[in-house]
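Engineer: Spelled out from the first residue to the last, the chains are:
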Amino acid sequence: MNDLPQQLANGLLLGALYGLIAIGYTMVYGIVQLINFAHGEIFMIGGFGALTAYLWLPAGTSLLFALPLMILMAMACSVLVAMGAERFAYRPLRGAPRLAPLITAIGLSIALQQAIWAFYPDATKSRPFPEFEGGRIDLGAFAIGRGDLFLVIAAPLCMIALGFFVSKTRTGRAMQATSQDPDTAKLMGINTDRIIVTAFAIGAAFAAIAAIAHGVKYGEVNFKMGFIAGLKAFTAAVLGGIGNIYGAMIGGLVLGLAEALATAYIENIPGMSQLGGGAWKDVWAFVLLILVLLLRPQGLLGQRVADRA
Amino acid sequence: MTTNQTHTIAPVLPVPATAARLTALVGALATLGSTFLAWTWTAEFPGDLTVTGYPGGLQVLTLTGALLTALFALAGHGVRGLGWLVPGGKNSPVRLLALGTFTTTWYAVLAITVELGGLVNLEPGGWIAAVASLVTLVGALGLPADVPAENPGPASGWQRFTHAFKAPAPGKAAPLPSWAEILIIAAAFGIGLFIFTYGIDTEYAELFIGFLLLIGFGAPAVARAGLNRRLGALTATHKNVTVTAAFVAAFAFPFTQSNDAYATIGANILIFATVALGLNVVVGLAGLLDLGYVAFLGVGAYTAALFSGSPSSTIGIQLPFWAAVLAGAAASLIFGVVIGAPTLRLHGDYLAIVTLGFGEIFRIAMQNMDGASGPDITNGPNGIPNIPDLELFGFNFGEPHNVLGVELGRFSNYYLLMLFFTIIVVTVFRRSDQSRIGRAWVAIREDETAARAMGINAFRLKLLAFALGATLAGMAGTVQAHVTFTVTPAQYKFVEAVPPNSAFLLAAVILGGMGTVSGPLIGAALLYLIPAKLQFMSDYQLLLFGIALILLMRFRPEGLIADRRKQLEFHETGQLDAPKGDIGLSKAGV
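So the sequences go chain by chain: A and U.
Quick note: the first sequence, position 133, residue 133 per this note's numbering, numbers continuous.
Quick note: the second sequence, position 138, residue 138 per this note's numbering, numbers continuous.
Think of the hints as simulated: they come from the structure by calculation, not from any bench.
Just to be clear, a hint being listed does not mean it is correct.
What the hints assert, rightly or not - Keeping only pairs whose Cα atoms sit at most 27 Å apart, straight-line, the calculated BS3-like set for lysine-lysine is:
#	chain 1	residue 1	chain 2	residue 2
1	U	Lys493	A	Lys224
2	A	Lys186	A	Lys168
3	A	Lys186	A	Lys125
4	A	Lys125	U	Lys239
Just so it is clear, the structure is predicted and the values come from calculations on it, not from any experiment.
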């Protein structure tokens with residue numbers, strides 16, 4: 001099993017990606033108790049935004065130089081869509097029975113996916129995404145792709161920035177207060193509407209970063225990529241304890257590791273030789289979700305937000 | 001009812017009432033007459049609108065709309081013998097019908113102009129129809145409002161417009177002999193069957209759009225007139241007659257079809273509707289959001305396919321159909337419990353995501369079990385083809401049979417078989433809805449904490465609802481496998497252009513109305529027919545579907561057929577802002 005370090009590295013990279021997307025689910029859920037099914041599509045739109053920015057630049061521009069513009073553009077697209085969705089789809093339904101916003105979220109998810117499919121040029125099939133040139137980087141025990149470097153740098157930076165924002169800034173503390181008790185927070189003079197929009201926007205910005213990481217890692221974006229990524233990210237959020245932003249990252253890493261290890265090693269277990277490999281990795285991620293819900297429903301780190309149901 | 005405190009509200013157009021009624025009536029009759037003229041010169045436009053003296057295609061729809069407008073206008077005027085038509089609103093039905101006739105007619109005229117390339121293609125008949133329907137609408141908008149204004153003072157144009165479509169509830173009907181009441185119920189279902197059959201049999205997209213427009217305005221018009229409530233009161237007193245009439249009407253459908261092509265649509269709608277009704281137990285009654293419901297249908301279908309004796313089945317056993325149905329239902333039940341047991345202890349939102357995941361995983365697993373990337377069970381993406389037709393008691397479902405002089409083709413046979421399962425699901429739904437269990441589900445849905453405090457074992461009952469829903473879907477799946485010949489993983493996606501899939505099933509329940517029997521049936525029929533008939537917009541179908549879902553939740557979350565409880569829940573009509581005056585009193589039974 002000397003490829004274990006390699007599998008662990010793969011798992012952590014995948015996990016960091018899930019974790020970045022999961023932040024969006026967990027922040028929104030922590031504040032308005034809404035599963036934003038459309039978050040996966042916001043991630044996907046970030047990817048297309050970055051691709052658009054890259055295509056604007058003269059052909060042959062080095063990806064490294066294009067990256068800042070791509071990040072800005074991806075974030076702008078994702079954040080705009082998320083804020084628009086909050087304002088026009090979710091906000092009018094605040095106070096409605098719980099089923100209503102969930103169904104709106106599903107409708108939104110389908111509509112966004114189809115809008116890209118129908119209106120983005122050539123998006124009916126996968127669009128190639130720019131990749132860093134050069135082979136994999138050998139780090140002795142394991143190797144990582146050049147595209148993964150972006151994730152290795154971006155994910156920790158994002159987490160540190162988010163941790164600082166939530167615990168140190170005024171808006172961040174207002175956010176914590178709102179998630180603990182929105183009514184009291186309102187009485188204390190916090191503009192909860194603004195906090196909710198901020199939560200959507202931050203989640204979308206992180207999803208945009210994740211979309212670029214996904215693009216440079218796999219070398220393509222497509223209109224369907226939000227669905228399964230969103231599902232995985234939500235699983236990660238639940239794993240870590242939904243509503244807990246650090247939990248989302250931890251949950252992502254655990255999920256990524258579990259997936260990588262299951263892909264590599266399940267087939268070595270006697271009697272399960274046919275259930276390993278990449279084709280079954282989604283199934284194992286799902287089994288993990290069921291197991292966590294069965295054994296530790298509050299998630300690995302537990303919910304920081306009291307369950308008000 | 002009228003006291004000096006009520007405020008009158010001006011009609012949309014300031015015209016004396018008599019003049020308005022006369023205008024509407026004359027306009028409606030002129031519209032009616034115009035349908036007998038030629039609207040265009042060439043038969044290139046579908047439906048052949050060139051014949052003078054014989055309305056065809058879209059003209060028939062305009063004719064129907066104009067006839068109804070004229071009838072309701074006369075009835076609203078108090079013409080003897082027509083009073084039964086308008087026990088509720090007198091003028092709002094006329095307005096809605098005039099609007100419906102107007103949109104249908106103008107749609108037809110515009111379609112002719114656009115498709116044939118220019119106004120020159122309109123014959124005088126078309127011009128007359130367009131003008132006459134506009135005149136009708138103008139007259140109808142000049143009729144006084146049916147209900148007094150809620151607030152004193154002048155109202156804006158938009159307020160007057162929306163107010164013009166409000167109508168009071170009808171009073172209590174004079175009792176009729178019960179045979180007459182039963183006849184009325186039978187007639188109502190006959191009309192329903194006719195409308196449904198007409199919709200299925202529309203041969204081209206223009207006619208179907210016209211049909212939808214007319215129904216879209218006609219149905220609320222009938223409701224404003226108070227006929228729905230009157231019929232509701234009758235069906236409530238004759239429940240068994242109603243259920244029987246409904247199934248006789250459904251049973252009669254294949255006998256109206258000369259062509260098996262449309263019977264296919266009927267059979268598919270019925271499968272879709274039955275599964276949606278099963279989902280309604282889960283979503284509508286117990287309030288559990290199941291986003292992977294189609295997977296349970298898939299479990300049933302795959303089970304039936306494996307035991308069907310298909311040459312491609314990896315299991316060489318052929319079970320009799322009843323055993324396959326039981327096996328499919330049991331397999332779905334097991335999956336339902338496995339998925340539900342860990343999830344239902346938790347907060348409701350977890351169920352949504354776990355079922356969504358399960359739906360995907362089911363599909364992936366079926367795709368992988370092809371012998372290459374997994375055990376060899378399901379043939380992977382190719383699925384299990386060549387599922388043989390059923391043969392029950394010597395009746396082969398694959399062959400046409402001559403019953404009562406009508407040739408029933410393959411899909412008509414399966415339609416009738418499916419109808420049997422629909423009856424089972426409807427019975428289960430109704431019985432559980434009215435039982436202790438159903439009331440407990442509603443209590444859990446409304447407030448789980450309070451329900452627990454009342455001694456309800458919430459977890460067990462939620463699991464029961466979830467597993468029951470899964471079992472019903474599994475049962476329907478066993479029939480579906482035989483109807484479609486082939487089961488493939490691609491049939492069971494979360495969202496796809498072709499129903500049934502999880503998103504469409506949920507949408508059928510919500511569009512129709514949660515917690516009702518007729519809601520999912522109507523929702524399923526609409527959601528199946530609209531994509532099937534309007535092929536030209538197939539590229540934007542799902543986009544429109546998503547947008548429609550958002551708008552539906554925003555503006556009419558209780559669905560087309562509203563459960564009274566749901567309506568209150570979504571619109572939060574408390575005691576204080578309950579409808580005023582005569583409506584409130586009649587609801588309270590005074």
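Engineer: Each hint should be assessed against the structure and marked as holding or not.
Structural biologist: Going through the hints against the structure:
The suggested pairing of Lys493 of chain U with Lys224 of chain A holds, with an alpha-carbon distance near 13 Å, which does not exceed 27 Å. Distance hint between Lys186 of chain A and Lys168 of chain A is fulfilled; the C-alpha atoms sit about 20 Å from each other, no more than 27 Å. Distance hint between Lys186 of chain A and Lys125 of chain A is unfulfilled; the C-alpha atoms sit about 47 Å from each other, more than 27 Å. A C-alpha spacing of about 54 Å is found between Lys125 of chain A and Lys239 of chain U, which places the hinted pair above 27 Å, so the restraint is violated.
When the structure is compared with the earlier hints, violations turn up for hints 3, 4 and for no others.
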